[in-house]
Each structure stands twice: as structure tokens, then as C-alpha cells.
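A.B. asks: Chain A is already provided as a structure; the job is to place chain B on it using the hints.
Residues per chain are reported as follows:
Number of protein chains: 2
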Amino acid sequence: MAVKSLDDLFHETLKDIYYVEKKLVRSIPKLAKHASSPELKDALESHLRETEMHVDRLEQVFNIIDRRPSAKKCEAYEGLAKEADEVIEEIDDPEVCDAAIAASAQTIEHYEMSRYGTLATWAKELNMQDAAELLETTLQEEKAADQKLSALAEQHVNHRAAA
Amino acid sequence: MAVKSLDDLFHETLKDIYYVEKKLVRSIPKLAKHASSPELKDALESHLRETEMHVDRLEQVFNIIDRRPSAKKCEAYEGLAKEADEVIEEIDDPEVCDAAIAASAQTIEHYEMSRYGTLATWAKELNMQDAAELLETTLQEEKAADQKLSALAEQHVNHRAAA
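Taken in sequence, the protein lines are chains A and B. Everything in the first sequence is counted per the numbering used here, starting at 4 for the first residue and increasing by one. Everything in the second sequence is counted per the numbering used here, starting at 4 for the first residue and increasing by one.
It is worth saying that the hints were derived from the structure and are not from the lab. Just to be clear, a hint being listed does not mean it is correct.
For identical chains, the list gives no copy identity; a pair is met inside one copy or between any two copies.
[To be verified] Here are the simulated DSSO-like pairs of lysine-lysine, each with C-alpha atoms no more than 27 Å apart in a straight line: (1) K151 - K7; (2) K25 - K127; (3) K85 - K7; (4) K7 - K44; (5) K146 - K85; (6) K44 - K127; (7) K7 - K36.
With the rest of the complex left out, here is chain A (with noise of 0.2 Å):
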């Protein structure tokens, strides 16, 4: 990490949200495999849509900071993913496994509303509204998707879980 400006911070942490973007293109689909519930299964297809705009985006900001898209290994992100895999594997009842499966889920969706937020914020520091304004796109778009996960738990899986 050779950051000595707020301009090399924000281009790490770019950086950094993208590698967890991509991997999440990869992963949402196995989380939604092992959800049994059908309400779970959507809520994280639909995510995954969104997702897929999420790296679009972030692309679109590389640009805007005229460098090339590159990821960096995110280690937060590798423990989060760690701890979404041992409910998968370790968890035998599906009900009580959809409950772990929302909860893990919106781990990952809180990791990436922080650094979303702090992107945006850095973004106009720097006098970048374009950038700014693509962030906060997501920003409100993974919000969504945490009070989705929310309401989804709420109304239907801890529910099944409980029972």
C-alpha cells in the first residue's frame, strides 16, 4: 500500500470494494442455492442483479480516476465469506440454516454500506460529484437490500427457524 494522499486512500479503498464485488458475483448464487426458503432464494437473486450493476459502477469510477479497474484482496471480506461458509456447511436444519443464511448475508451488506459510505464521503472531499454520486447509488441500493434481509427475518425465516 503506498498511500501518502486522500487521493491514494480513496484509490485502495476502491480497490478494495471492488475485489469484494466481483467475489460476490460468484457467491450470492451459492448462498441462494442453499436457502430453502423461497423468499430468501429471491431477495438474494434480485441482489445479484444489483450486484452485477454494483462492479458496473465501480468501473464507471476507475474511469473517472483514470486508472484501470484492478482489485486488491480484502481480507474483511475473506472473513466475512469464511463465516457465511460454516453456516452453509455446518448447519444441518434448513430453517435455522435460512435464519444464519440473512444474518451472514447482511454481515456482508453492512461491510460494504460502511465502505460505500466512506467512498462517497472521500468522493466529494476530492470535488468528484460524479464519483460521489455513483456511490451513493449503491450506497442506498445495499441499505435496501439490508432492510429487505431485515423485514424478510422478521416476517418469515426466524420465524420457521423458531418453530
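C.D. replies: For chain B alone, coordinates are given in the frame of chain A:
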């Protein structure tokens, strides 16, 4: 992980966040020590005192479910902490480092917000109102700490980093 019911999942997730809070009691002072902005240092130190209360509240929840407080290694936290450590070690400019420290602290706050939100909802589903209230109280403090860091970043830290 021997998770067969929502009760088991609640207990496992409680051990996960207990690990995080206990680790934070030791790692927040390290972040505060490396912060150069007095406002950021203050915010981290005041969150340390809250974190000590969070540990205490979790011990009360273990007591409610008749379990001995115990921690389980949280892979997600390990990843988040590794990212925070990299920032401290690899950014020399103190103002840019402050912006990165505030952002890293927010990724950890977001992990906690996600876990406390989930645990409070599960506690309600399992008819443990007292546990739900303890978890909800900490959730509100984590949200407030995150908002304080956002405000601090926007008002002081990022501006100095961009100068």
C-alpha cells in the same frame, strides 16, 4: 458448531460478538494511540468506555440463557482488524492515516450493528424480552458511535487529509 435450533444459533452468535467486544477493549486504545486528530482520539476513547459496558451487557445475556460467558474466534473480526492494522502500519502521513483509521473503525461498527440487530431480533423471536432490550441498547450505542465517526470525518478528518 453444533447448531440444531435458533437457540443454538443465538448462543453461537453471542459467543462471536463477545469475542469481538473483548478484542476491541484491547484494540481501540491502539487505534486511539495512532490517531493524530484530538477529536478522533476522543471519539475512540469514549467508545472504549462504551465497549466495556457492551462486554458487561453480553455477560448479562449469557446469564439470561444460563450459559457461562465464552468467546468464539470471529473470522470476520480478524479480517476487519487486519485491515485496520495495515492502515496504521503502512500510512505515514498522519492526516491521511486519521481518515483511514476513522473508516476502519466504521467497518467494525457496521459489523457490530449487523450482529446486534440480528441478535435482538432473534431474542424477540425466542421470547427473551430482557435479552432483546440489552442487545437493542448496545445496538443504539453502536449506531450513535458510527454516526459520530461519520460527522467527525466530514467536519475535520477528511478535510485535513485532503489539504
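A.B. asks: Hint by hint, note whether the structure agrees.
C.D. replies: Here is what the structure says about each hint:
no. : hint       : verdict
1   : K151 - K7  : between (39 Å within a copy, 25 Å between copies)
2   : K25 - K127 : within (25 Å within a copy, 35 Å between copies)
3   : K85 - K7   : between (32 Å within a copy, 20 Å between copies)
4   : K7 - K44   : between (43 Å within a copy, 21 Å between copies)
5   : K146 - K85 : both (22 Å within a copy, 25 Å between copies)
6   : K44 - K127 : between (36 Å within a copy, 24 Å between copies)
7   : K7 - K36   : between (43 Å within a copy, 20 Å between copies)
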